[in-house]
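Participant: With these hints in hand, go ahead and build the complete structure from the sequences.
If you want the building blocks of each chain, they are given just below.
There are 2 protein chains.
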Amino acid sequence: MSREVPFDNDVPAPAQRDSAYRRKIYLRGTREDVHVPFVEVLPVGKGEPSGPGGADAGPIGLDGCEPVPLVRLYDTTGPGSDPARGLPPLRLRWIKERGDTAEHEGRSPGPLDEGRGAARTRRVRTGSAMSGHGADIAGAGPPEVGRAPRRSTPEARSVTQLHYARQGIITPEMDFVATRESVDAELVRQEVAAGRAIMPSNVNHPELEPMIIGRRFLVKVNANIGTSSVTSSAAGEVEKLSWALRWGADTVMDLSTGPGIHTTREWILRNSPAPVGTVPIYQALEKAGGRPEDLTWEIYRDTLIEQAEQGVDYFTVHAGVLLRYVPMTMNRVTGIVSRGGSIMAAWCLAHHEENFLYAHFDEMCEIMTAYDIAFSLGDGLRPGSVADANDEAQLAELATLGELAEVAWSKDVQVMIEGPGHVPMDKIAQNVELERELCHDAPFYTLGPLTTDVAPGYDHITSAIGAAMIAMHGTSMLCYVTPKEHLGLPDLQDVKEGMIAYKIAAHAADLAKQHPRAREWDDALSRARFEFRWEDQFNLSLDPSTARGFHDETLPAGPAKTAHFCSMCGPKFCSMQISQRVRDFAAEHGLSPTQSLQVGLSEKASEFRSSGAEIYTVQNVPADA
Amino acid sequence: MSREVPFDNDVPAPAQRDSAYRRKIYLRGTREDVHVPFVEVLPVGKGEPSGPGGADAGPIGLDGCEPVPLVRLYDTTGPGSDPARGLPPLRLRWIKERGDTAEHEGRSPGPLDEGRGAARTRRVRTGSAMSGHGADIAGAGPPEVGRAPRRSTPEARSVTQLHYARQGIITPEMDFVATRESVDAELVRQEVAAGRAIMPSNVNHPELEPMIIGRRFLVKVNANIGTSSVTSSAAGEVEKLSWALRWGADTVMDLSTGPGIHTTREWILRNSPAPVGTVPIYQALEKAGGRPEDLTWEIYRDTLIEQAEQGVDYFTVHAGVLLRYVPMTMNRVTGIVSRGGSIMAAWCLAHHEENFLYAHFDEMCEIMTAYDIAFSLGDGLRPGSVADANDEAQLAELATLGELAEVAWSKDVQVMIEGPGHVPMDKIAQNVELERELCHDAPFYTLGPLTTDVAPGYDHITSAIGAAMIAMHGTSMLCYVTPKEHLGLPDLQDVKEGMIAYKIAAHAADLAKQHPRAREWDDALSRARFEFRWEDQFNLSLDPSTARGFHDETLPAGPAKTAHFCSMCGPKFCSMQISQRVRDFAAEHGLSPTQSLQVGLSEKASEFRSSGAEIYTVQNVPADA
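Chains A and B supply the protein sequences, listed in that same order.
The opening residue of the first sequence carries number 44 in this note's numbering; numbering runs sequentially from there.
The opening residue of the second sequence carries number 44 in this note's numbering; numbering runs sequentially from there.
These aren't lab readings, by the way, just hints derived from the structure by calculation.
These numbers come from a predicted model, not from an experiment.
Backbone N, C-alpha and C define an ideal beta-carbon position, used for all residues, glycine too.
Careful: at least some of the hints might be erroneous.
[As the list claims (entries may be wrong)] Below, simulated DSS-like cross-link-like pairs (lysine-lysine); rule was C-alpha separation at most 27 Å, straight line: (1) Lys470/B - Lys470/A; (2) Lys556/B - Lys470/A; (3) Lys556/B - Lys556/A; (4) Lys139/B - Lys454/B; (5) Lys454/A - Lys139/A; (6) Lys470/A - Lys556/A; (7) Lys454/B - Lys556/B; (8) Lys556/A - Lys470/B.
[What the hints assert, rightly or not] A short list of chain B residues far from chain A (calculated; beta carbon distances all over 10 Å): (9) Leu70; (10) Gly72; (11) Asp76; (12) Trp137; (13) His147; (14) Gly149; (15) Pro152; (16) Gln233; (17) His403; (18) Leu477; (19) Gly517.
Facilitator: Here it is, written out as structure tokens:
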């Protein structure tokens, strides 16, 4: 029933196809043209599927039992489209309506934009190097959208969601987010205005379905994708994008360093309903011939404009790697492990000048406020091993990021702060406390952290532990880590494994933070489990096909899906059944939790004995059971 | 190089074969005949393997670099043997030496011991139902050891490690544990004497390599194995045992409910160097025809003796499910999910009498103290969903377990306390705090807990998060959860996935608790990573073959193992390399972390520029890089 093929143009997004009882719906915001996606899970009940009940009718009765509520889950899969055409520009009307931006000629892309080796770039463009998965977009360039780049008009000082929020305006984007998060739009506006939440939303990324990153909202997950010089293709990265979204990615970062950087990014942006982040220094370094010492503010600035016009929603900027902090990394076990951090450290030492990203920070803000690109202030000195966690270098940089956040806010630019990395569990809470204090409650966005260094191949697990904990303490977005971390570039299976581990971490944190809607999902699944509604349990699962497949391995027969037992205990010996009998008995005899069984009940005991002498026996049992 | 075949009789245990640089060694305790196993990882360095250096020589110099220390890891794989012969009885001399136990005729096993369906029992005994994996033990009964069951002599009141510890005796078992944990034997004795740690070690399980469960020691992991009525065979369970040990299981629980219970357990015990735990009520229920209401103390007592004589090291006993607590589960989302708990609840209601395990607890202690079997006081009312966590039923039972722990201690019986289950992260710390308070610091042994209910198929991850956290707060042993939890019985791959996730959780907790030796492992691996000693990084990994395999997927060439880059960034752009250049430069110029770069260093900058103009280039690069 379910499929895991990354994408397929003839049919709706995979989330819609899992089951007739798990389907995509849209709810309207306050505005007519705000349509917010959800996945709705309808109860199948104990029998075989026979068509969904009334979707909007609320609780649905099953076999005369207590009504089972439907559950609506946050959906990130996007509207679905032909990747070669790109997604519909749903925000375009809202952006135009505001009248504070205009199209202009923009910067002229050149061959250098694709990175070193323009020859290779052609190969990506024409698709001859593409993998089998990407056949549908091979042979063509990225989607042509027929739009010139847009930026703020000369009159408009800023076109950011922060700017509007501070003016008391609830934008359609905020309306969308409020519906998506099931909160009041005014809460969204207030949190954005205060800098405690951000909504990355470049005016050149109208395909975006707005989302919010902030402590008061659901914890979000970012998926990193991108080519390197050793491996990957543009088509492969678009596949990874759709695949990551299918498993719940809230934003994606394109970390490409390989050939075809500009084109790969164009493909990704035109097909991403989620905000796209980048680390512009990677492309700038390519333009500088790969030599950190040859980087200049002019090259970097040109790269910012290039990416701003394409529609990148947030930039990781390593402006906190100051010259005087570099020697603090000398005695570390793993030195500087951030690519951006090491590039800037090398630049600082080579020139004996202050980091040019720090020196030109004001100018950078002026650019970003004109497109509404958010800062993700990079932690270039983050620890790369548990030994280096919470050290002087890391914390010195964090204080500088706090200083820069205030500069960004003064220009109406949205800001979040990046965090580690590798941190043992006992030092996780301190990371959040210091970030909140030093960075004035700007949203925190952490990579993991990994809680031990000893399990390469399983760093989605070492870091899901840290991610869940740091999110519980207040981190707003988690950058996923795949099983390939430290070992290689993730393939589609790795992307899925990383996403699942991080959706678990994020949801576990939502529960721990007692998010008002988080428990609904768990309770619905647990009730289905207790009542042996197997199909409902599968449909409510984070990964329905895996849950169904695991069940089928030991009990593949169709009737086992409706059986009142599972393969762990077998049909003769089931705690859930015994427990149900206990419950039924107690209920029938009007027992309440506060009422003692000690008084006047011994005669009931024999009644229980006789009624329960035969444990419920299921007919459809495998022959050898 | 590495193999994942579960077992193979002609060669040593798999851990020894991973590499010439990862090998099993034994360290001597205080006594001559105490030999404690470790896995020693010797540095390969940056070149190809050419034979190990001097193992006992301490740090080993590589290519003129700083010496790299060897690392010794805790080893659970056991001495290795032919499963049909069983393991050598290494403790037998120690047990006999004490002169407080004697062999006796013991109980006569009968056909009912195998569970219902004696015909099926024969099938298991003769091996005709065994899987292909177990061909070596097919056709034969379990190992014949030629020993009669042993118990305390009439003169000896108790033969438990707790009894000896209270008398100030350091047993060979304590000596073994002290060497294994790298601590003083007196600390071991004190913690056991105080009831804060246990060393499950039945006198009828001389094959045991002693281990300890307590907050001051390394966090341990239990693996559940066992047949059910729907699936599994004795041979398959012995395979799972060895496989679980290979991945680091510290104890195993045989939860068999299927046919051949007695014989399956005999196979497991004779082949387990780790303590074996059981839930005797499962077998007792079989003897009672599967009807909870027909259970009696006499049937249960007979089962305890049977298992005691076989050598089971700890019993899960659900003596805290009191009659008056049962109605407290009525309004739960998932009622009673513990099998033992639901059986006892059904029995209590059927008879309207107090739980017979509670009523006969003193007598049970007299049996267990005569063999040195530890209590694992079961949490029959543990929550089965996050909705039910830390509720009245759970906590009422916990208080009763604390009361029972004191009774056990009064009879010199070792005790640990079982804990949940399903608990959202914000309620995890409270579980440990209450256990310590109500159960007087008896070691806590928890199942997970799962931190969310929504990810069936991935409950090794939902629960590794909770397990790591609860262990950080003071849980001494974690019961693993496999990906098949709630869906089916684990196969070998599931056992491995569960074990790896839990070894990560346990080690992350050891780090967070600042266990004196925990960091050595992480630091050794991180240094290897930073210095591009790929082979050392693999050998130090929790799962070397997976780490090596993932690396090889993108860079399979032999030379890539010695390359100073990886596939994530490629050879032209590597943060580790840039970072090393920064470090080398700073070191050469006598910079220290406290010294500002601002003064008198600008002339050095040009030097750095010229030295670093060419980033280190590796020759052995894949052709298309």
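Participant: What are the numbers of the hints that this structure violates, sorted from low to high?
Facilitator: Hint 7 is the one this structure does not satisfy, whereas the remaining hints hold.
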